[in-house]
Amino acid sequence: MFLYRTLKIYKMKRVSIIMILLVAAVMYSCNDYLDINENVNKPTSVAPELVFPQALTSTADNLDNFNTYGMQIGGYAANAGGYGGFNETVSYAYTPNNYSNLWLEYDNLEDYQYIIDQTKGDSTNLYLYAAAKIMKCYGFQLLVDAYNNVPYSQALSGEKYLTPVYDDATKIYDSLALSLDDAIAAIKKGQSFDIKPTSITTPDIVFKGDMTKWIKLANTIKLRLFVRAGSKVTFTNPTISTDGFLTEDALINPGYTKDNNRQNPKWDTWAFGYTGSAGNKAWIPSTFIMTYYDTTKIADPFRGSAMYYQFAIKGGTGTNQLGYEATGIPKSPDGSFWYPTDVTRKEFTDTTGVLKGPSAGYPMFLAAESYFLQSEAALRTMISGDAETLFNTGIKASISYTYQLSDGTIEKDTFDTSDKRIAFMDTAYHKINSTNYLVNFNLAGSFEEQLEAIITQKYLALNMINSHEGWNEYRRTGYPKVSGSTAEGTFASKVSLSTRVDKLPSRILYPTSEVQYNSSNVPSATTNSFTSLIFWAK
Amino acid sequence: MKRILLLCLTAVFTFATSSELWAQDRTVTGRITSAEDGSALPGVNVVLKGTLIGTVSDSEGKYSLSVPSTGTLVFSFIGLKSTEVEIGARAVVDVKLESDVKQLQEVIITGAGGLQARSRELGSSNAIVTSETLTAGKAVNVAAGLQGKVAGLQINSTSSGVNPEYRIILRGQRSITGNNQALIVLDNVIVPNSVLSNMNMNDIESMVILQGAGAAALYGSQASNGALIVTTKKGKSGKTEVNFSHNIQLQQVAFLPKIQTKFGSGGSAYGTNPDTSPYFNYLENQSYGPAFDGTLRPLGPKLEDGTQLYNPYTYKPGHADFWNVGVTNQTDFSMSSGDEKSTFFLSGQYVTVTGTTPGDKYTRGNIRVNGTRKLGNKVNVSYNTSYAPNSYNISSATPQIYTNLLNMPSNVDITAFKDWKNNKFATPDGFYNPWYLNPYFSAANFRERDKNTFLTGNLELKFTPIKGLDLIARQGLTTRLYTQKAFNESYKYTTYAKNTDQSSKTDIPGNDAEWSNTSSLLITDLIAQYDKTINHFNINVVGGTQMRENNTRIFGAGVSGLVVNGLYNLNNGTGNPTYGEGTLKSRLMGVYGKVTVGFKDYLFLTGTARNDWDSRLAKENRSFFYPSAEASFIVSDAIPSLKENNLISYLKIRGGASKTGQVNLGGLLGVPGSFSDDGAYYLKSTFSSQLNGFPYGSLAGYSLDNSIVNKSIKPEITHQFEVGADLNLWNDRITSSVTYYQSRTDNQTISTSISNSTGFSKYLTNVGETEGKGLEVQLHITPVKIGDLSITVGGNYTYTSNTVKTISALLDQLNLQSSGNAYSVAMAGQSFPVIMGLDYQRDPKGRVIVDGTTGLPSATTSNVILGNATPKTRIGADALVTYKGLRFSILFEYRGGYQVFNGIGPEMDWSGTGYRTAQYDRKSFIFPNSVIKTGENTYVENKSVAIANGNGNNGFWSDGINRNTTSNYVTSGNFVKLREISLSYNLPSSLITKFGGNVIKGVTISAQGRNLFLWMAKDNYYTDPEYSTAGPNGNGSGLNDIGMTPPTRNYGATLSIKL
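Going line by line, the protein sequences match chains A and B. Counting from 1 along the first sequence, just add 21 to a position and that's the residue number in my numbering. Counting from 1 along the second sequence, just add 14 to a position and that's the residue number in my numbering.
Certain hints may be false.
[Said to hold, decoys possible] Computed footprint of chain A on chain B, listed as stretches where at least three residues anywhere in the stretch have a Cβ under 8 Å from a Cβ of chain A:
#, stretch
1, 587 to 595
2, 720 to 732
[Stated by the list, open to error] Where chain B lies over chain A, by a calculated footprint (3+ residues, C-beta under 8 Å):
#, stretch
3, 71 to 79
4, 127 to 141
For the record, the hints were derived by calculation from the structure and aren't laboratory data. Glycine included, C-beta positions come from ideal geometry on N, C-alpha and C.
Next comes chain A alone, as it looks inside the complex (with noise of 0.2 Å):
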């Protein structure tokens, strides 16, 4: 019995033992074992000039947004027969929700802001540091212009400032020009080297590694914020570089084709989808906008043929006042009013205009525009040169740009030379508007008629193209000239809600994500839509 006891115990210390060496032993392998934490699936850092292409293509994706934001509310398109649920968009009584996606922008910021911390510093990638920088400045101009007060100082930081502050719009601008100052010398220094720094031609998918037409594009950008700042910013650098404005159109195209997410993204909205299928239909020209193509203010046969469906057939173009709900309200083609075939529609094939084709590329800044900006510039004795001339070679650009099929050529028709319809048909514009001081700038007398002039044909370049710049500088000059309720005289909606004398809004309200997530500091409560008003305003 004695020894049955101690044979038992013995045999239980065994098994303890080995037990004990057991656990030891899987402990001591315990961290191979755990350490499997590295993501398999996706990358958790990678070149900067990797992420560049996609900023830019998600750039475009978002000027989508801008564009449909601006031609709803600055008076490009209106409400289609056949839809309802308009709601806010056609009373003007916004909350948080419209337009909410323009905030995404900085989603956007942050891929440059990435590219800007990877390459800070660093020689061989001064290109790709200053484009990335003039991108971020080019992003922060559409968010102050939308909203006023934004993050800026504290955003695009991560963890290190969950609830970044506002800072104040006008020390955004001079802040941004500072910053294009310091883009512009990073690409000076790098072609000053003899050993140049890497080129930018693959991921550039806007000038293809151009590093002259980034200064220009630059210069552009810097010539918007003074001119829409005019007095109401002190800039700390109130020069411009004498490497000149941009010229041509600055277009983004990563390679858009007819496929399934790689289409241009406005042919995608407004057009087809690319197995066929019908785009939006729910919007259509505003009654306003045809005015200027239709004779009624100005007679366009040639943009307003080439951007619009049916044009040429009299009442073939359908338009609405915004706003107006009723039955015999025009439907929308498939394909939409601007893809301008006629009578046969033909699915897909390239065209004039502002769709164009699933392979354009996505305009992120017209020369057109930088004509205007600097026409009004010279006006305002900003920067030398004739408004004039200026005024006139905008007004080219513009129908270049609407005749300007989605491979990039002009198309010729029965020229012999795209150059030679483009001149053409600007000969003839100017002619049949002969009268009309809005064409024809020598026609306006005073300060005022040639400030109408030009913003009202940078209004008519931007149409559907970059609708929100021409929507705010409706807001900063009050130009093209609203009158009245009628549907030819005002865009705004005939259910307005606004009080302003206008009828139209003063701008959309912060997004639902800042009131709730970053409450301390967004300026909702003093925030009205008709009244609160960006800092260049009118």
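Dock chain B against chain A, hints included.
This is chain B only, laid out in the frame that chain A set:
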């Protein structure tokens, strides 16, 4: 009791072999059979009372024992009532043993290793659901079979359909964004929740519900949510049994939203008659037209061939008839057998379900093989395996179908459009409505096929080198292979159809999307257990280690613009396909120990400890430790005087405290077909490469994703304590138990939304704290037990209160789920979760403030709290009557003290079918209980200013002010459901012998119904408040949406044959 009995058994063996030492007078023989079915009982202990003389019955139930001249034989076996028989002068003593339900309940499985302990030792609350109770209603899904049966256990059917999903919560929600569902342990191995809803309910021997974290603590992470311990059937030695059964059930829509039946299509947007009644319109989907008048009116535009459809302008209940009566067929087979060395159990099941949506079908098969085998005297091997494939063939457009049906005026008899292929008014071209597809076409054309294959199994080796010591090694495996194919045919409209009237018909491109997902969960356990009794003390020590590995592999691809119509293959698409893949792997290691000290079998103290190391956390945070302690005191055994009176038969007081940890990083919630508890690779920000059409040829592009994570994330920690008592009276004619608990969970891991201006939109970090408390009561009374008649009534009561204490310094609220303008929100200081949304602006007395000119109310400028989304009180009330072969059971469930947002409300008001919209006859009306503001803080009751347009379609009812005001659709969630009712009858054996001879041993016929009746609060005329937009895995309860088809009732009959 079982373990003690097993020890006795060994002891008896030892002494039996040395029985020659004892004086032998004579030999008694006999046969031991079951009192229930007369089958032989092998392995029964036969002991001469007061001595150590004894033996065990053989495989035929026979025994033989040498005994002295007089004495009493004691027959005992686990789960059977011990029986004493005077030998007297007999040489043959045959006995029948009855089963002992009470004793069965003493056997309970707990602890990580599947180590058995008696319920009397447990200091925390637990409940047992027997196979009979579980399967009474013949639910196809195990979770459905549990509904309403256990205190503290809340099971919600979060959706409808052919195989509804269920959310299983014990003691309310603790984790704000993490997993709150109970841990499921199948045959001692942790399995994903999805296994439970796909297993054969008839395979289940018993289910033990461990409500609290304490008893479950040893299972490791996720035990904070309590656990459901499922044990499947095993063969019985010496007894071969074969069962067949077939069950047919019908599934019928049980409840449809209440609608107005007076007005049809049209609206004042088309103009009004001189009497201000709105115009009729033959296209309009909104029912804001004139009152029904029975005249024949056109429906839809003229077709291309010039024909026009006419329809009497009256109410028709066609929308209700759209839904089919579903049929469920369930066939079961099982066989069990065994001898002294091994047991074997085999079962098979085949279920087919047709749903209420036309064309929906679900089939499921199950095969299970369980067995045990003794190798020598010291090694036991057991295995449990199950293979369960299922497939769905359902419409992927059910939500749209329901929305469209709600949008169709009731002068349209939708059943007339069933033949969408041949009826020219029902084809997509000819269908009257330009905005919505014919629901019959949608159901037929937009299809989804899902297939699941579950393979679960475990193999256990138990080695008993010396008495009292068990070494156990166990390997568990669960795999799921999920594939999904969603597709639709293309449809090209005629030019005429595209350009008629609203010209809103646009071509439908053909699509094909594939999804597959393979997941596996591997769990390895190594356990040592030592048990020793010294004088009055029993000591049980357990040590173990566990390794867990989760693997998931996902692949998905889709093409659009199918070229050859009707060919659903990825190679038949046009353009850039969408595709993606993912691999996830995470591992966990745990080491645990447990000590139980028992004193005189009436006082027990248990302590447990466990440490986990989790691969998903950073190295410095990956280790976390959590202990638990509990005590149990059987007062009725400790104080002899209590035992002597006849009143108290059992009284136990218990209590415990525990700490548990859970890693919650988000994981794969929402990814179809995967096990939802992963969260690998979450610590670092990532880049995506497939946005905006990238890559374009050779041009690659990456974008920084929008989530950032606090790298020092730690597990969520739940502290819980509970106290309770079990009291049985009058020889168990009354059984009861009461438990009170409190819990606190901190370090909540929350992915908070942050300002986009940070560059990101989500931030995952440790913040937040929740608190829970509740009361759980069970009570059953058997007032009648006379002869063969027995009546038991009783039920369970649960009170739950869960509160969010804090969320983070940044936020005091967190949106968990949204449906329309309603949000399910975790808000600091409020019960968890609350429903938030817009309300009307009200004066201090709660009256609605309206405009002095228009009479219109206005909405609040921000979201306000509109209700609590978790039932505070739940009651399950049941009754069981048995008489000879008859068995009748009934179960009601009540839930109360909460609200629900009904997502179909705004849609019904938009469409004008909503009951609310006709309450003022579509006329101008004064907003009820309204006031007009006349000055700062002065309000005058509004008696005269009426809302001018009391119609919709430009009037009040379809306007945003009505539809966007969330509070209009928040109703009481209270309900009473007749969950289950069943009546079964065992045919008398005389009858069976007459017809079935010796082959058939038993026949049972039964009828049962599930969810036959639903009584809801008066203001809720929408749908089943159990439905949740958040689905089974989401914590944002309290909201439902239009995607959910109407609730159904099931009823059917079953025939079971035992061979």
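Comparing the hints with the structure gives:
Under the rule that three or more residues need a Cβ within less than 8 Å of chain A, the assignment of the stretch 587 to 595 of chain B holds, with 6 such residues. Using a Cβ-Cβ cut-off of 8 Å, 3 residues of the stretch 720 to 732 of chain B lie near chain A, which meets the minimum of three, so the contact claim holds. A count of 8 residues in the stretch 71 to 79 of chain A with a Cβ less than 8 Å from any Cβ of chain B is obtained; the coverage claim is therefore met, three being the minimum. Judged by the Cβ-Cβ criterion of 8 Å, the stretch 127 to 141 of chain A is covered by chain B as claimed, because 7 of its residues qualify and three suffice.
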